[in-house]
Amino acid sequence: MTTGMVENWVGTVSQLGPIYPFVGWEFFMSILGLAGWIGWHVWQTRFESKTYEEDLKRLTKKEGG
Amino acid sequence: MGPHLGGEPVSESLTKEDTATWARLNGVFWAAFLLFSWTAASIVSGSVIERIRSSAFWILAILIGSVFWVVDASWGWHPDGWMVQLLGYHDAYTSGVIHAVAGGFALGILLVLGPRIGKFRPDGTPRNIVPHNPWMVTIGLFFIYTGFWGFYVACNIPLFDIQAGEGISFSAVTIYLTPTTLSAITVNFIMALTGGLLMGYVISKGDAYWTYSAGLAGIIAASSGNDLYHPIQAMIIAALGVVFMYKLHFWVEKKFKIDDAVGAVAVHGYSGFFGVIIAGFVLWGYPTSPNTDYATINPLGQIVGAVIMFGLLGFLPGYITAKILHGFKILRIPREIELLGLDLAEYDHRYLSEGEIAKAECEEGGDIKWIQDKLGE
Numbered sequence: 001m002t003t004g005m006v007e008n009w010v011g012t013v014s015q016l017g018p019i020y021p022f023v024g025w026e027f028f029m030s031i032l033g034l035a036g037w038i039g040w041h042v043w044q045t046r047f048e049s050k051t052y053e054e055d056l057k058r059l060t061k062k063e064g065g
Numbered sequence: 001m002g003p004h005l006g007g008e009p010v011s012e013s014l015t016k017e018d019t020a021t022w023a024r025l026n027g028v029f030w031a032a033f034l035l036f037s038w039t040a041a042s043i044v045s046g047s048v049i050e051r052i053r054s055s056a057f058w059i060l061a062i063l064i065g066s067v068f069w070v071v072d073a074s075w076g077w078h079p080d081g082w083m084v085q086l087l088g089y090h091d092a093y094t095s096g097v098i099h100a101v102a103g104g105f106a107l108g109i110l111l112v113l114g115p116r117i118g119k120f121r122p123d124g125t126p127r128n129i130v131p132h133n134p135w136m137v138t139i140g141l142f143f144i145y146t147g148f149w150g151f152y153v154a155c156n157i158p159l160f161d162i163q164a165g166e167g168i169s170f171s172a173v174t175i176y177l178t179p180t181t182l183s184a185i186t187v188n189f190i191m192a193l194t195g196g197l198l199m200g201y202v203i204s205k206g207d208a209y210w211t212y213s214a215g216l217a218g219i220i221a222a223s224s225g226n227d228l229y230h231p232i233q234a235m236i237i238a239a240l241g242v243v244f245m246y247k248l249h250f251w252v253e254k255k256f257k258i259d260d261a262v263g264a265v266a267v268h269g270y271s272g273f274f275g276v277i278i279a280g281f282v283l284w285g286y287p288t289s290p291n292t293d294y295a296t297i298n299p300l301g302q303i304v305g306a307v308i309m310f311g312l313l314g315f316l317p318g319y320i321t322a323k324i325l326h327g328f329k330i331l332r333i334p335r336e337i338e339l340l341g342l343d344l345a346e347y348d349h350r351y352l353s354e355g356e357i358a359k360a361e362c363e364e365g366g367d368i369k370w371i372q373d374k375l376g377e
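Just so you know, the protein sequences line up as chains Y and D, in that order.
Residue 62 in this note's numbering sits at position 62 of the first sequence; the count goes up by one each step and never skips.
Residue 342 in this note's numbering sits at position 342 of the second sequence; the count goes up by one each step and never skips.
Keep in mind that the hints were calculated from the coordinates and are not lab data.
A few of these clues could be false.
[Unchecked claim] Straight-line distance between alpha carbons at most 27 Å, and here's what the computed BS3-like set of lysine-lysine pairs gives:
(1) Y:LYS50 - D:LYS205
(2) D:LYS205 - Y:LYS62
(3) Y:LYS61 - D:LYS247
(4) Y:LYS57 - D:LYS247
(5) Y:LYS50 - D:LYS257
[Claimed, not checked] Which chain D residues stay away from chain Y? Per the calculated CB distances, all over 10 Å, these:
(6) LYS247
(7) PRO287
(8) THR296
[As the list claims (entries may be wrong)] Covered by chain D, according to a simulated footprint, are these stretches of chain Y (three or more residues, beta-carbon under 8 Å):
(9) 1-10
(10) 26-40
(11) 56-62
Think of the CB as a built atom: it goes at the ideal place given N, C-alpha and C, for glycine as much as any other residue.
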């Protein structure tokens with residue numbers, strides 16, 4: 001089994017072009033990367049809001065005695 | 001290693017060209033490998049701080065930095081190393097060769113050394129001993145990122161004829177003399193750092209220490225194959241490596257009462273172990289060398305390689321040496337000194353006089369009561 005298009009490092013290696021694995025999957029990988037990035041911002045914003053809500057609850061309780 | 005252009009070959013096995021090349025490069029490799037030696041020892045230092053004796057640590061540092069990492073590099077980080085030839089072992093930026101071996105070595109020591117006083121509650125659950133100065137930790141980790149970048153470049157020969165006689169074509173090559181590009185390793189480094197940081201923030205719920213450490217862990221997880229990965233692959237592998245190391249760190253801490261003070265076993269050892277293995281799957285079938293007789297990269301070879309790095313050359317020697325040092329009662333500092341604090345024990349006169357001066361300043365300024373009130377005295 002092989003994940004790349006490189007069979008050996010002999011001869012006219014400079015003619016190989018892309019040497020990373022899974023050539024042809026670039027579009028899918030880009031979408032995956034973009035989705036992960038946007039997903040992170042959504043998660044982070046929600047997590048931050050939740051943290052502030054919990055902080056506010058705690059502070060309000062303290063003030064109320 | 002001084003200014004020397006080669007001259008006549010010193011042995012029959014060398015050509016004039018070999019002699020000329022190595023006369024000009026030897027010092028560079030020597031200094032770069034010396035840096036790796038320091039790195040291996042400094043990884044161990046973080047795990048064992050606050051309770052190991054300096055005398056013991058210096059012996060351990062010499063062993064990991066000048067013996068075991070050198071052995072593993074000759075086995076798996078050399079164009080003709082037996083692990084490369086027979087297992088198809090590939091570890092371009094040393095996930096296993098530096099990080100897993102040092103992490104494993106530290107874990108072996110920790111098993112004998114024991115936790116810091118107060119790390120575990122009487123019921124066995126761990127306490128989180130937070131860094132005394134988070135901002136210094138942050139700056140330190142950022143320094144490591146910067147140094148790591150240089151480390152990546154130092155793992156290459158930056159300009160090498162990759163076509164060996166079939167028309168000249170210069171590119172960077174790895175330690176295995178296989179082609180990569182400086183562009184690729186720069187981008188992959190950044191993407192792995194990014195993947196590590198993003199996942200570190202999520203998994204640690206925004207903890208600054210673990211987020212920045214995860215950036216480092218991400219790079220380490222992707223380092224085995226960062227000469228060949230696509231940048232997005234580097235980012236995803238880094239993120240997965242962070243999940244693995246973070247979960248494993250807290251599981252081991254709870255289950256085996258291991259006090260890895262700065263998480264170095266996790267960040268370097270577990271991430272490095274993960275990085276070696278994942279490269280076997282993602283780079284399956286790639287040639288490990290320009291020599292076509294050598295094994296190609298494969299999952300089994302990488303799994304065996306990871307076990308050799310972390311277990312055989314890391315954990316085992318660390319554990320055995322620590323046991324010997326413990327037997328001589330020179331591994332751990334006395335309990336009383338640990339309770340007092342190593343700095344206080346070492347510099348007690350300095351602190352005493354500082355205390356006197358601070359007291360005098362407060363008395364003269366009339367603020368002593370305010371401070372006492374604040375301290376609840």
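Results of checking the hints against the structure:
At roughly 11 Å between alpha-carbon atoms, Y:LYS50 and D:LYS205 fall within 27 Å of each other, so this suggested pair holds. With a C-alpha separation of about 24 Å, the suggested pairing of D:LYS205 with Y:LYS62 holds against the 27 Å cut-off. Proximity of Y:LYS61 to D:LYS247 is assessed by CA-CA distance (about 34 Å); at most 27 Å being required, the pair is judged violated. Pair hint Y:LYS57 plus D:LYS247 does not hold up; C-alpha atoms about 30 Å apart against a cutoff of 27 Å.
Under the criterion of a C-alpha separation no larger than 27 Å, the hint pairing Y:LYS50 with D:LYS257 is inconsistent with the structure, at around 32 Å. Every CB of chain Y lies more than 10 Å from the CB of D:LYS247, the least distance being 18 Å, so the non-interface label holds. The beta carbon of D:PRO287 sits about 5 Å from the closest Cβ of chain Y, which is not more than 10 Å, so the claim that it is off the interface is violated. With a cut of 10 Å on Cβ distances, D:THR296 falls inside the contact zone with chain Y, its closest approach being about 8 Å.
Only when three residues or more bring their CB closer than 8 Å to a CB of chain D does the claim for the segment 1-10 of chain Y stand; here the count is 9, and the claim holds. With 8 residues having a beta carbon nearer than 8 Å to a beta carbon of chain D, the segment 26-40 of chain Y meets the requirement of three or more and the stated coverage holds. Given as covered by chain D, the segment 56-62 of chain Y fails the check, having 0 residues with a CB less than 8 Å from a CB of that chain where 3 are the minimum.
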